[in-house]
Amino acid sequence: MIEDHFTYYRAVLNKDFCYIWTEKLNIMTKTVLVSKHSGEKQPFSKEKFTESIVRAGATREIAWEVAEEVMSNLYDGISTREIYKSAFQILRRKMRSLAARYSLKNALLELGPSGYPFEKFVGEIFRKEGFAVKTGQTILGRCIQHEVDVVAEKENLTIMVECKYGNEQNKISGVQVPLYVNSRFNDIKSLWAQEERNHGKEFQGWIVTNTRFSTDAEIYGTCAGLRLVSWGFPDKGNLREIVESKALFPVTAITTLNKKERQYLLEKGIILAEQLLGRYDLLESFEFGPRKKEAVINEIEALSAVGKIL
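Per our numbering, the very first residue in the sequence shown carries number 67; after that it's consecutive.
Please note that a few of the clues may not be correct.
Derived lysine-lysine pairs resembling BS3-like cross-links, with alpha carbons at most 27 Å apart [said to hold, decoys possible]:
1) LYS302 to LYS312
2) LYS151 to LYS171
3) LYS200 to LYS114
4) LYS107 to LYS302
5) LYS312 to LYS220
The hints are simulated quantities; they were obtained by calculation from the structure and are not laboratory data.
With the hints as extra help, turn the sequences into a complete structure.
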């Protein structure tokens with residue numbers, strides 16, 4: 067009788083286990099449609115998702131673990147934002163510096179509310195390449211004066227950059243942007259080319275955005291000889307690749323600081339996390355406890371160490 071009783075419960079447990087495992091297997095194998103910021107839906111790709119975690123510096127093993135946990139909570143129509151939040155929270159538990167690297171795109175969206183910090187950030191990209199950089203310049207063209215966000219010079223090359231900052235991922239810079247930038251660039255270039263000191267020099271016009279361009283903007287800009295750089299354009303040398311390869315972590319990527327604290331540092335002229343190295347006196351105004359301060363410093367140093375490794 068007792069043996070029959072245990073046999074019954076074993077059967078029930080086995081049945082429940084099989085049911086749960088089957089349900090999980092269905093979730094792991096069926097195609098889940100994900101809603102993008104544009105409203106478009108596309109199938110969730112485990113391979114692409116895992117690669118995004120690896121690009122943040124995770125090992126394949128950790129990336130696989132994160133993917134498994136995220137996939138266990140997927141459902142049709144889930145937004146890319148929800149997937150990002152889930153992955154970010156998991157990475158924060160494992161290693162904060164990984165979470166910071168994974169959140170680079172969102173960190174750039176926080177370089178506001180004005181576009182000035184983004185201009186400084188773009189300036190740092192060129193400075194890392196050995197350019198002499200000036201931001202917020204007023205330059206005389208052949209016809210009128212123009213405001214130029216970034217001017218970068220190295221040897222015989224001068225680059226003029228228009229920065230288009232967006233605080234939302236779905237913001238698009240349309241064709242009118244390269245149209246007016248090209249006219250401004252040509253006005254300045256035509257005057258500079260007449261000056262004897264500029265003979266033999268090359269001049270380039272760039273537009274850099276942290277969001278994206280319309281297709282017409284990309285076509286016209288490329289045709290006009292401008293260099294357009296967005297988060298995903300061009301395929302090689304886009305903003306994501308540049309930022310990740312140079313480990314240019316904005317201060318807004320530091321996960322141990324809240325948004326108000328990050329904005330305070332931006333107002334103090336701190337754009338990159340590495341600029342806080344040796345300047346921890348700036349953290350004193352936050353009145354952190356010893357544990358919080360140590361956690362912030364550890365994350366800053368971890369992000370800066372990544373830059374040295376890369």
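Going through the hints against the structure:
1. LYS302 to LYS312: Given that 27 Å is the threshold and the Cα spacing comes to 14 Å, the pair holds.
2. LYS151 to LYS171: holds, 13 Å
3. LYS200 to LYS114: Violated. LYS200 to LYS114 sits at ~38 Å, over the 27 Å cutoff.
4. LYS107 to LYS302: Within the cut-off at roughly 25 Å; holds.
5. LYS312 to LYS220: Given that 27 Å is the threshold and the Cα spacing comes to 18 Å, the pair holds.
Consistency note: the structure conflicts with earlier hint 3 alone.
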